[in-house]
Amino acid sequence: MSDELRAQQEERLGRVWASPPGWRYWSAVNNTEVGRWYTATAFAFFLFAGVLALLVRAQLAVPENDLVPAGRYNQLFTLHGTAMMFLFAVPIFEAVAILLLPTMLAARDLPFPRLSAFGYWCFLIGGVFVCGSIFFNAAPDGGWFMYPPLTTNPKLTGIGADIWLLGLSFIEVASIAAAVELIVGVLKCRPPGMRINTMPLYCWYVLIVGGMILFAFPPLIAGDILFELQRLADWPFFDPARGGDPLLWQHLFWIFGHPEVYIVFLPSIALLAMMVPSFARRPIIGYSWIVLAAIGTGFLSFGLWVHHMFTTGLPAISLGFFSAASEAVAIPTGVQLFVFLATMLAGRMVMSVPMLFAAGSLAIFVCGGLTGVMVAIAPFDWQAHDSYFVVAHLHYTLGGGMLFPLFAGAYYYVPLVLGRPLSDRWGKRAFWLMFAGFNIAFLPMHFTGLRGMPRRVFTYPAGIGWDWLNLVSTCGAFLFAAGVLIFTIDLFIGVRRRAAAPANLWKSGTLEWVGPLPAPDYGIRSVPAVSSRYPLWDQPELPREVAEGRWYLPDAQEGKRETLVTSVLDAEPEQCLRVPGNSFLPMLCAVLIGASFIGTAFHYYWSSLAIGVAGILAIMVWLWRGTAVIPDADDKDIGRGLRLPLYVSGPRSVGWWAMFITMFGDMTAFASLVFGFFYFWTIHEVFPPRLADGSPMGPGLLWPAVAAVTLAASWGAMLWARERNAADSPLGLRLGLLAGMALGLASGGAMLWAPWQAGLDPVSHAYPATVWVLLGWAALHLLLGVLMQAYCLARSLASKLTRAYDIDIHNVVLYGHFATLTGAVTLAVTALFPLLS
Amino acid sequence: MVLRLRDRADLWTLLMPPTVWATHFLYCYVVAAVQCAKAGISLTAPEGGQAFAALGMVRPLVAAGTAVALLLIVIGARQAWRHTGGGFHDLPHDAATPEDRQRFLGYATLLLSALSFVSVIFIALPAFLIRDCR
Numbered sequence: 001m002s003d004e005l006r007a008q009q010e011e012r013l014g015r016v017w018a019s020p021p022g023w024r025y026w027s028a029v030n031n032t033e034v035g036r037w038y039t040a041t042a043f044a045f046f047l048f049a050g051v052l053a054l055l056v057r058a059q060l061a062v063p064e065n066d067l068v069p070a071g072r073y074n075q076l077f078t079l080h081g082t083a084m085m086f087l088f089a090v091p092i093f094e095a096v097a098i099l100l101l102p103t104m105l106a107a108r109d110l111p112f113p114r115l116s117a118f119g120y121w122c123f124l125i126g127g128v129f130v131c132g133s134i135f136f137n138a139a140p141d142g143g144w145f146m147y148p149p150l151t152t153n154p155k156l157t158g159i160g161a162d163i164w165l166l167g168l169s170f171i172e173v174a175s176i177a178a179a180v181e182l183i184v185g186v187l188k189c190r191p192p193g194m195r196i197n198t199m200p201l202y203c204w205y206v207l208i209v210g211g212m213i214l215f216a217f218p219p220l221i222a223g224d225i226l227f228e229l230q231r232l233a234d235w236p237f238f239d240p241a242r243g244g245d246p247l248l249w250q251h252l253f254w255i256f257g258h259p260e261v262y263i264v265f266l267p268s269i270a271l272l273a274m275m276v277p278s279f280a281r282r283p284i285i286g287y288s289w290i291v292l293a294a295i296g297t298g299f300l301s302f303g304l305w306v307h308h309m310f311t312t313g314l315p316a317i318s319l320g321f322f323s324a325a326s327e328a329v330a331i332p333t334g335v336q337l338f339v340f341l342a343t344m345l346a347g348r349m350v351m352s353v354p355m356l357f358a359a360g361s362l363a364i365f366v367c368g369g370l371t372g373v374m375v376a377i378a379p380f381d382w383q384a385h386d387s388y389f390v391v392a393h394l395h396y397t398l399g400g401g402m403l404f405p406l407f408a409g410a411y412y413y414v415p416l417v418l419g420r421p422l423s424d425r426w427g428k429r430a431f432w433l434m435f436a437g438f439n440i441a442f443l444p445m446h447f448t449g450l451r452g453m454p455r456r457v458f459t460y461p462a463g464i465g466w467d468w469l470n471l472v473s474t475c476g477a478f479l480f481a482a483g484v485l486i487f488t489i490d491l492f493i494g495v496r497r498r499a500a501a502p503a504n505l506w507k508s509g510t511l512e513w514v515g516p517l518p519a520p521d522y523g524i525r526s527v528p529a530v531s532s533r534y535p536l537w538d539q540p541e542l543p544r545e546v547a548e549g550r551w552y553l554p555d556a557q558e559g560k561r562e563t564l565v566t567s568v569l570d571a572e573p574e575q576c577l578r579v580p581g582n583s584f585l586p587m588l589c590a591v592l593i594g595a596s597f598i599g600t601a602f603h604y605y606w607s608s609l610a611i612g613v614a615g616i617l618a619i620m621v622w623l624w625r626g627t628a629v630i631p632d633a634d635d636k637d638i639g640r641g642l643r644l645p646l647y648v649s650g651p652r653s654v655g656w657w658a659m660f661i662t663m664f665g666d667m668t669a670f671a672s673l674v675f676g677f678f679y680f681w682t683i684h685e686v687f688p689p690r691l692a693d694g695s696p697m698g699p700g701l702l703w704p705a706v707a708a709v710t711l712a713a714s715w716g717a718m719l720w721a722r723e724r725n726a727a728d729s730p731l732g733l734r735l736g737l738l739a740g741m742a743l744g745l746a747s748g749g750a751m752l753w754a755p756w757q758a759g760l761d762p763v764s765h766a767y768p769a770t771v772w773v774l775l776g777w778a779a780l781h782l783l784l785g786v787l788m789q790a791y792c793l794a795r796s797l798a799s800k801l802t803r804a805y806d807i808d809i810h811n812v813v814l815y816g817h818f819a820t821l822t823g824a825v826t827l828a829v830t831a832l833f834p835l836l837s
Numbered sequence: 001m002v003l004r005l006r007d008r009a010d011l012w013t014l015l016m017p018p019t020v021w022a023t024h025f026l027y028c029y030v031v032a033a034v035q036c037a038k039a040g041i042s043l044t045a046p047e048g049g050q051a052f053a054a055l056g057m058v059r060p061l062v063a064a065g066t067a068v069a070l071l072l073i074v075i076g077a078r079q080a081w082r083h084t085g086g087g088f089h090d091l092p093h094d095a096a097t098p099e100d101r102q103r104f105l106g107y108a109t110l111l112l113s114a115l116s117f118v119s120v121i122f123i124a125l126p127a128f129l130i131r132d133c134r
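Protein chains in written order, with full-length UniProt numbering: chain A, 1 to 837; chain B, 1 to 134.
Since the hints were made in silico from the structure, they are not lab data. None of the values given here were measured: they were computed from a predicted structure. The beta-carbon is built from N, C-alpha and C at its ideal position, and this holds for glycine as well. Some hints here could point you the wrong way.
Said to hold, decoys possible - Coverage of chain B stretches by chain A, computed from C-beta distances (three or more under 8 Å per stretch; other residues unrestricted):
hint: 1; segment: 7-16
hint: 2; segment: 19-30
hint: 3; segment: 109-116
hint: 4; segment: 120-128
If we strip away everything but chain A, and leave its shape as in the complex, we get:
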């Protein structure tokens, strides 16, 4: 290949992947741009939440302090916890993964760049909305886990609770979008030859954490729906006087909340799994053991949620199960730490600032883990519950398990992202300030807690043994903040003065370091085939070959953004995927959907509905213009004589996987609502409640039966439509879709008519409220299905959906399977279950 051709290729690649200049820069969807915005925004929220923490510590520095009044103090600690967990800990995982994952996979981008951009704008809008509330004295003030009945009472908690619920629900949608993107990215966008046993450990962690998000976040969304319905419409899910139960919220919140701890812990530990081998100069010892640990932790973390509820009066045997699981999770967690230690001991360690933070994180995390084993034992927890001991414990686990590894990752990966390294000298100072400050702040809290200081009190009397411990904690907090400040200054100012970093400056073995620094907009010059876990160590010619464009996709002749799609297990090339380019549509959709959530918080229901509909239309336009685009040719030579198709549908396409994964999450939310129904059944002696004539309350049988029959027929019509399309009959496809839509609407209508005609009043009791929610959820899914079928119909009429180009119908039918299952289970629970009692 001549130098001239090479330069032309680079010029074309650069032009295709460039971010637009001027104000249109904000339409960028490239993972490098979105990842940077995401990381910077999450870091800004971290600083914001940190300032809130400093205010909290300043108030607690001396007894009977009057720096912050009680009400404001409640807002401070609520927003501190909320912002740290929802606006920093989880989003920074998504941010870093969006930024780094494509580089590790030698992919040009993730499969759905506009979805990443949409997620980012949702996150920004929701985060600013939630955090901004404190400047209007309207911040949530019921604690970051929002327990009812305090927070369901509008007299005790103002608009802050609505801001929390709606703002965060909106952000959770962004998290799920990111999870879908990252899971599909890991499974389908690896370079050729990177089999499942040779992919970087970071990918394993991302895969597992993405899966965990799908099972953890939807229960909270379901809980948020119930909560908001109680606050806005007085449906009594959490009101014991009308058959509800505040504990249901605790269950739903912690089914989310505990896995969330591991959702933030695992990706940070994953950064250590990438850097420990680099600095030990040897492959990780026990790759399979890390996989075991990550999967094991991922699963076990779902059996821990009740350990936040040990003092709620659940039967001891239930506590026993959760206590046992809480102890068991120490096994896989410990395995990871031992793997790191073994790798460090077996290698030739090179000391560096990232490793300093890594070592500090292990020390802190082990302390947090040990107190974790203590509070996992129910009788000890009864003593320590809601005291500063728990505050100390949770900060040690999150600080050691998430924050310090993240700073280690920052020192390690900043050269990759910015092209220049952070300062070693200032890094060491920052580390020691942070490490010392952290321990000085949080170690004494164990003792303050054991001496009886409850969390969340805004002040305390002098002379009961808490004074000097609190003062020490406050000093430590400010010391820690000084370390963070040094890091921040170095990151935003100091780094600019430094010389550019050489390629692969840490002498790592993984693909993200293959190219020059800073990486160009298009990322990797050509996509190599790899044959090792550490290709840069084992394939010494690789960097040169990649840089010379000798591998796949070295060019962008058609002016389209392209990346490779490979098979799940063995990464065999399957498709040359064209990903959509820059657009303001994701931002517009996020603004519209965000405005509808925000309007709802302020009770502007009709305008919110109108804006929400506009948002859905905008999403339709986005899908119409940017997805399932029919290519100009069937296949393409991607280099080295390999021809790959440009259009793939069904289970081999990334869109199908995204739909499948999204609907998995959707089913988890639905399962949480069903859980709510059966939870009420267990706590009531008679459930459903009886009517005056002694018969059980319920939606009756006739209309649910109508709904069931039309549901089945609608599903059948959809299947028939897909079958007719495969037989190249556009007429059959369109008739099938029309029938599916009509039957779907009929079924959804019957589902809503059933409780209405039976006179079920959702305000009167938790039972009718739950029935309404379940049927409403199912009907909404059918309505969405109708919209999707209408979309397919329009695509067919526009000749964008044909026998050969059938992505849309496959994905919509896949959705249809899940919607039908949702409807069938809903009808069985609401209509048949009362017959059993």
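Fit chain B to the supplied structure of chain A, relying on the hints for placement.
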């Protein structure tokens, strides 16, 4: 999906042992919750001199469920052992070959089986250490 014996290891076979653990955990939780909530004996108004609702069928049900779960995990482990090629001689399974991919998945599944086995026993223990629904 996960129970069918397979010649080829994949992500589903890898997830089988912890899925069995999760199902067993949920089962134990539901059995105990339903028994203790629905025992018909109010916790605050004991009958027949009994201070707390009895565990009733919880123990036999948990024992049966645990036996089934352990059996399934052993089946999964046996399959995983076959996938490893019947030994650990060629660790760390890091070659980019179909054989090493298969062995890696088998080995990781085997490790997960061990963790799941121990964890299932962990979860079952409270049913035999606690006497009633207190």
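Quiz item: Against chain A, does the segment 7-16 of chain B show at least 3 residues with beta-carbon separation below 8 Å?
Solution: Held - the segment 7-16 of chain B has 4 residues with a Cβ nearer than 8 Å to chain A, which meets the minimum of three.
Quiz item: Are there three or more residues in the segment 120-128 of chain B whose C-beta lies within less than 8 Å of some C-beta in chain A?
Solution: holds (count 5)
Quiz prompt | Claimed coverage, the segment 19-30 of chain B by chain A - three or more beta carbons nearer than 8 Å | solution = Per the Cβ count (6), the hint holds.
Self-check item: Claimed coverage, the segment 109-116 of chain B by chain A - three or more beta carbons nearer than 8 Å
Solution: holds (count 4)
When each numbered hint is compared with the structure, no violation occurs for any of them.
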